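Just so it is clear: in the sequence shown, position 47 is 100 by my numbering, and no numbers are missing.
Treat the hints with caution; some may be incorrect.
[As the list claims (entries may be wrong)] Taking CB as the label site, the calculated pair distances span: (1) A74 with T102: 16 to 22 angstroms; (2) T85 with F120: 38 to 44 angstroms; (3) F120 with A80: 44 to 50 angstroms; (4) Q83 with V113: 37 to 43 angstroms; (5) Y89 with V110: 22 to 28 angstroms; (6) Y89 with A64: 33 to 39 angstroms; (7) G103 with A80: 21 to 27 angstroms.
Because the hints were derived from the structure by calculation, they are not lab data.
The model shown is predicted, which means the values in this text are computed figures rather than measured ones.
Idealized CB from N, CA, C, for every residue including glycine.
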Amino acid sequence: MPGNRCHIPAAVKQQWVTMSAHMSPRAIAQVTHASYRTVNRVRRLSRLTGAVVSKAVIPVYLQQQMFRICCLV
Numbered sequence: 054m055p056g057n058r059c060h061i062p063a064a065v066k067q068q069w070v071t072m073s074a075h076m077s078p079r080a081i082a083q084v085t086h087a088s089y090r091t092v093n094r095v096r097r098l099s100r101l102t103g104a105v106v107s108k109a110v111i112p113v114y115l116q117q118q119m120f121r122i123c124c125l126v
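Please construct the entire structure, taking both the sequences and the accompanying hints into account.
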């Protein structure tokens, strides 16, 4: 069913990047039963950052609170 999300392990995403050297994103999506958009997002992230998984960003207000706590100790 379209729209259902499931976790894709980092190893699978890395495999997509490796496969993209020899296959088109559409072919990778068809073979792996993944969304074409998902394959493209992973390839783009790999190209821009060198990683296939994006890291969560800590909000600024939490960074400020953590800084204050560290300075008090």
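Hints versus structure:
1. A74 with T102: 16 to 22 angstroms: 18 angstroms, holds
2. T85 with F120: 38 to 44 angstroms: Check passed, 43 angstroms falls within 38 to 44 angstroms.
3. F120 with A80: 44 to 50 angstroms: Check passed, 48 angstroms falls within 44 to 50 angstroms.
4. Q83 with V113: 37 to 43 angstroms: The hinted range 37 to 43 angstroms holds for Q83 and V113, with Cβ atoms some 42 angstroms apart.
5. Y89 with V110: 22 to 28 angstroms: 26 angstroms, holds
6. Y89 with A64: 33 to 39 angstroms: Violated, since Y89 and A64 (Cβ atoms, about 20 angstroms apart) do not stay within the stated range.
7. G103 with A80: 21 to 27 angstroms: Given about 24 angstroms between the Cβ atoms, the range holds.
Comparing the model with each numbered hint stated earlier shows that hint 6 is the single one that does not hold.
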